[in-house]
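Asks: Sequence:
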Amino acid sequence: MPGWTILFFCVQLSSFIFCEYKDSEILCASQQSCKNCLQTPRCVWCSTPVSNQSVNNPLIRCVTREKFSNEGDHWCRTSDVIIETNKMLILENRPLSLTKGTDPVQIQPQKIDLRLRRGEEYRLTLKYSQAEDYPVDLYYLMDLSKSMEDYRDQLSELGFQLAEAMRNLTSNFRLGFGSFVDKVVLPMTSTQPDKLKSPCNLDKTKKPCAPPYGYKNQMPLTENIALFKTRVQEAPVSGNLDSPEGGLDAMMQAMVCTKEIGWRQNARHFIVFSTDANFHIAGDGRLAGIIEPNDCLCHLDSEGFYTYSLLQDYPSIFQINKVARENNMNIIFAVTSNRNETYQLLSRSIRGSSIGTIERNSRNVVALVSGEYEKLVNTIIMTDDAPKMIDVKYFSRCLDKNGELKERQECGGLRVGNIVEFEVTLQAIECPKDSNEWQTSMHIKPRGINESLTINLSIACDCPCERPGHPGYTPASENCRGNGTLVCGICSCDDGFYGKQCECEGNDARAESAAAMSDCRADNETTEICSDHGVCKCGVCECVKRPNPQEVFYGKYCECDNFSCKRKEGLVCGGRGKCECGTCNCFPGWGGEMCDCKETNSTCISSNSETMEICSGRGDCICGSCYCHEKDNIRYSGRYCEECPVCPDQRCEQLKNCVECVVHKSGPLARSEKCDECMHQIDIVDKIVENSEKDQENKTRICRTPGDAGCTFVFKYEYYRDGTGGDIKIFKILAEREKSCPVPINVLGVAVGLIISTVIIGFAILLTWKILTMIRDNREFKKFERERILANKWNRRDNPLYKEATSTFKNPTFNTNTIR
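Residue numbering for the sequence shown is -19 to -1, 1 to 801, as defined by mature numbering (1 follows the signal peptide of the UniProt record, and there is no 0).
Hints listed in this document are in silico derivations from the structure and should not be mistaken for laboratory results. Mixed in with the good hints there might be a few duds.
Said to hold, decoys possible - Within a straight-line C-alpha distance of at most 25 Å, the following computed PhoX-like cross-link-like pairs (lysine-lysine) qualify:
no. : residue 1 : residue 2
1   : K675      : K356
2   : K387      : K374
3   : K81       : K356
All chains should be built: construct the whole structure from the sequences, respecting the hints.
Replies: Shown next as structure tokens:
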């Protein structure tokens, strides 16, 4: 049986390969120009000039690479074959340099030339390694409206702590400071003369606030940490009228004013954005009559003030995200707890940003910044600025050199000296209509640093012989009877001429000859002219036009079209591919007959996964969705097969005995007096509070497990992994003080109640039956009495209804009676 199975599989595989090969041959053969041939994957063109002999023996000019490889000169002279393949030329390939005190090189190679053909992937290898003591520039951007006065005083004391914490991570550290309030115009700020001088009074000193302003660069980036404390204390606290602040105005200036702020090119750039208020966005300026969009340019004067505050609108979130990505900015939103949700949404819209909650004394800012820095440098996330017609995918084994090559952009757990390789695949999805876009450039880089791989990219979208001046481009060619231009071996006829050699003119009768008509049939076995989708003119098929100009027939015999492929939700190829000769050519990342199957594994990897395993290592990724395994009678579930209440990753079963013993003094460990063996930290609380988002972020699990006497108790544990892909370690356990137990059943009470209820119900039923019977008997008796009385009242003689059985008649003629 296994032998038959293998044989069947081989036959099916061979059939699939053969069908695919034949489909490719048909698709290539249908292309009638060199340009279209090269834009079809794996096709090559023969530019041998048309001649009388070739007219009589038509040449299939576009074939697959496989057919060319097999037939060679028997198909076309090698010198006439136009074949394009993906090519790469390395222009700059300096080795990785990670030594402290030297210019770091963290990406290899640095610059390449790459030529791509549409639909054909090219894979290149990219290396990354983290440099030692990489420079860090940190700019603290603070809301200095009146409500932030206390936070400013605390921040001035944190400069030395920030510097000390960061210098434990890198000695090449600089710190800067800027502040913002809002646009000085109604309705953002009160414009009363006295309010323009001082919009408020300080709580501590009772002194007037400083005049309102938009944004000021208080201190450019510097290594003088003592100056940071001084400048923060000197920074003016002011006020505005409405609740939101002009933070995005300030952030834009802080990012684009490279020279004024002092951003270094080869450094990690951090902006710590601290506020307790919402923010104005693009469009809000219209409330003040400011309609000019933000130009994303630097407008700081010599004193560091933003001069275009009243001349242009606030930037949009899209602009902030774009500029942050272009300038390698890592933004940390340090906000108060009441604004956490708002800035969570903002952080999701800005790539590379993160968020943390600042406490009243701001002491956790140091830990927040240090943690985000370590998270950034210990993790590499590859990004790119590829144009829309280029599809880019990333594959890596990360630090596991013998592991499986998986599709992923991120690797974690890195240390100085680790080298991570990424295999990057690039594919041109389509050829742009504008030929100027065939030549472009793009960059691949790790998020947060300025080094990148620069790719000078060109897309092979036409043939050299289609360009005037090339030997293969001959106007008024003899091969075309002087009536057309020879282009890559075929004739492009002048107006009024047609035919393979432009030999026909006007309504030439030869267009209707039998020989010409035979040239318009695909083979001798069919009688269809131009596949019934066109008309034959001088031996050449001219395909009919459809009412919808987007739908066309094409091919030598009009045998192909771009609309008859299978549809999904009413769209040809599901809207995720192109219909080519009746077959869907799916866009990258999609597959299937209707391009409805996702081919990428990225949708099967949770963004919160530490190991970046497909389907959490518990399922298969099929068409972009996880199909979970069932093992040892355990069924995994969830979008990423991450849910399993009794699995080892969710340690409810493992921890319940300890929790029950320590908290509730019951369970198997309590009976064997082994509670001391529980080494976990268990804290007792009155109530476990559930918050799905926060619990997922903090890596916590909630367990509800049965215990002794049928009781149920609840606890929550927090865990972490010992390194990337390491074992799960329990960090802390919170357990509810009281357990939920079922109320014991009172057997005697239930028995007595059952007996009493049975007697009472039975008695009630009998009583009801008796009452109904008596009522019925009483009615029958009264009816009987009534009938008896009527019978006595009406006797036979007097009863008018009674008639005797005999009748007596008297004959007046006789005196005797006659009885009948």
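Asks: Are the Cα positions of K81 and K356 separated by 25 Å at most?
Replies: Holds. K81 to K356 sits at ~21 Å (cutoff 25 Å).
Asks: Need the status of pair K387, K374: alpha-carbon distance at most 25 Å?
Replies: Between K387 and K374 the Cα gap is close to 11 Å, so the pair holds against 25 Å.
Asks: Does K356 lie within 25 Å of K675 when you go C-alpha to C-alpha?
Replies: Holds. K675 to K356 sits at ~19 Å (cutoff 25 Å).
No hint from the list above goes unmet by this structure.
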